[in-house]
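Student: So you can see what is in the structure, the chains are spelled out below.
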Amino acid sequence: MKKILDINYRRTLISIFTLCCLLSINSCKVTFIPDYDETIANQIESTTKQIDLFYLTMLETTSAENNGRSYNLFTEQYIEIEVELNSLLNKNKIRPLNENSTKICENALKLWQKYKKAHKEKNTIGDDDIVLNSKYMSSMLYSMQIAENVKPE
Amino acid sequence: MDFDINEVLSDMLKAVKLSVEDSWDETKVVANQFFERRKERLELIAELRITGKMSQEDFESRMEDEKLVGEAELHAIAVISKAMAQKAINAAIEVLSKAVKAAIIAI
Numbered sequence: 000m001k002k003i004l005d006i007n008y009r010r011t012l013i014s015i016f017t018l019c020c021l022l023s024i025n026s027c028k029v030t031f032i033p034d035y036d037e038t039i040a041n042q043i044e045s046t047t048k049q050i051d052l053f054y055l056t057m058l059e060t061t062s063a064e065n066n067g068r069s070y071n072l073f074t075e076q077y078i079e080i081e082v083e084l085n086s087l088l089n090k091n092k093i094r095p096l097n098e099n100s101t102k103i104c105e106n107a108l109k110l111w112q113k114y115k116k117a118h119k120e121k122n123t124i125g126d127d128d129i130v131l132n133s134k135y136m137s138s139m140l141y142s143m144q145i146a147e148n149v150k151p152e
Numbered sequence: 000m001d002f003d004i005n006e007v008l009s010d011m012l013k014a015v016k017l018s019v020e021d022s023w024d025e026t027k028v029v030a031n032q033f034f035e036r037r038k039e040r041l042e043l044i045a046e047l048r049i050t051g052k053m054s055q056e057d058f059e060s061r062m063e064d065e066k067l068v069g070e071a072e073l074h075a076i077a078v079i080s081k082a083m084a085q086k087a088i089n090a091a092i093e094v095l096s097k098a099v100k101a102a103i104i105a106i
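One line per chain: the protein sequences are A and B, in this order. Following numbering that gives the first Met the number 0, the numbering of the first sequence begins with 0 at its first residue and continues without gaps. Following numbering that gives the first Met the number 0, the numbering of the second sequence begins with 0 at its first residue and continues without gaps.
Watch out, some of these pointers could steer you wrong.
Covered by chain A, according to a simulated footprint, are these stretches of chain B (three or more residues, beta-carbon under 8 Å) [as the list claims (entries may be wrong)]:
{"hint": "1", "region": "4-11"}
{"hint": "2", "region": "71-79"}
{"hint": "3", "region": "82-90"}
Note that these hints are calculated values from the structure, not bench results. All C-beta atoms in this analysis are idealised placements derived from N, C-alpha and C, irrespective of residue type, glycine included.
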């Protein structure tokens with residue numbers, strides 16, 4: 000009788016130990032990147048549209064003649080877009096395991112500030128530069144969007 | 000005990016393969032899109048430089064932009080790779096976990 004009880008006791012102990020192991024396996028999930036953030040994804044999309052609208056409007060409705068593309072005519076929009084890019088950088092920076100998206104945001108901001116500075120210094124901008132700036136910023140924001148969209152939900 | 004380690008390992012490998020295959024297709028699509036965008040930009044830059052509409056200084060400045068965008072694209076691909084690895088490893092862990100659980104229930 001004592002032997003049977005002893006066997007049952009040992010089986011119970013083994014079961015508890017195995018259950019603990021199983022629980023630790025169940026909770027073991029590797030994480031290399033943060034989860035998808037819908038708010039950030041939406042902000043990337045709206046910033047992409049804002050930049051697209053900015054350059055298309057500049058190209059279609061203004062001309063370099065008669066100071067039609069003076070920097071001061073676009074200052075407000077440059078600042079608004081820079082604020083959005085800064086906000087995206089800060090939101091990405093505080094997320095753990097998010098170095099890649101942070102770096103993309105840093106590059107986007109760097110490029111935007113470069114284009115803003117060039118426009119300010121020349122106080123005008125040609126059609127070809129508008130097209131190229133638009134293409135570069137679009138590619139930068141596209142990388143940002145991809146990097147967000149592939150994150151697990 | 001109903002726990003065959005060879006079968007479990009084979010199932011884990013299948014789970015990893017399935018995850019990697021799905022993500023690999025996604026990586027190829029994105030890499031192609033990056034390539035097409037780059038091609039478009041470089042075609043325009045080359046045309047402007049050859050026709051003299053772009054100075055050497057501006058050309059070099061655009062190559063700097065190209066570096067920044069290229070770097071961003073590589074970071075995006077790095078995120079895809081990390082997501083792929085995460086999905087594959089977790090799929091394998093889940094297979095093992097389910098197999099162990101089933102073996103315990105069978106005891």
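Student: If a hint holds in the structure, say so; if it does not, say that too.
Tutor: Hints, one by one, checked against the model:
no.: 1; hint: 4-11; in the structure: violated (count 0)
no.: 2; hint: 71-79; in the structure: holds (count 7)
no.: 3; hint: 82-90; in the structure: holds (count 6)
In this structure, the one hint that does not hold is number 1.
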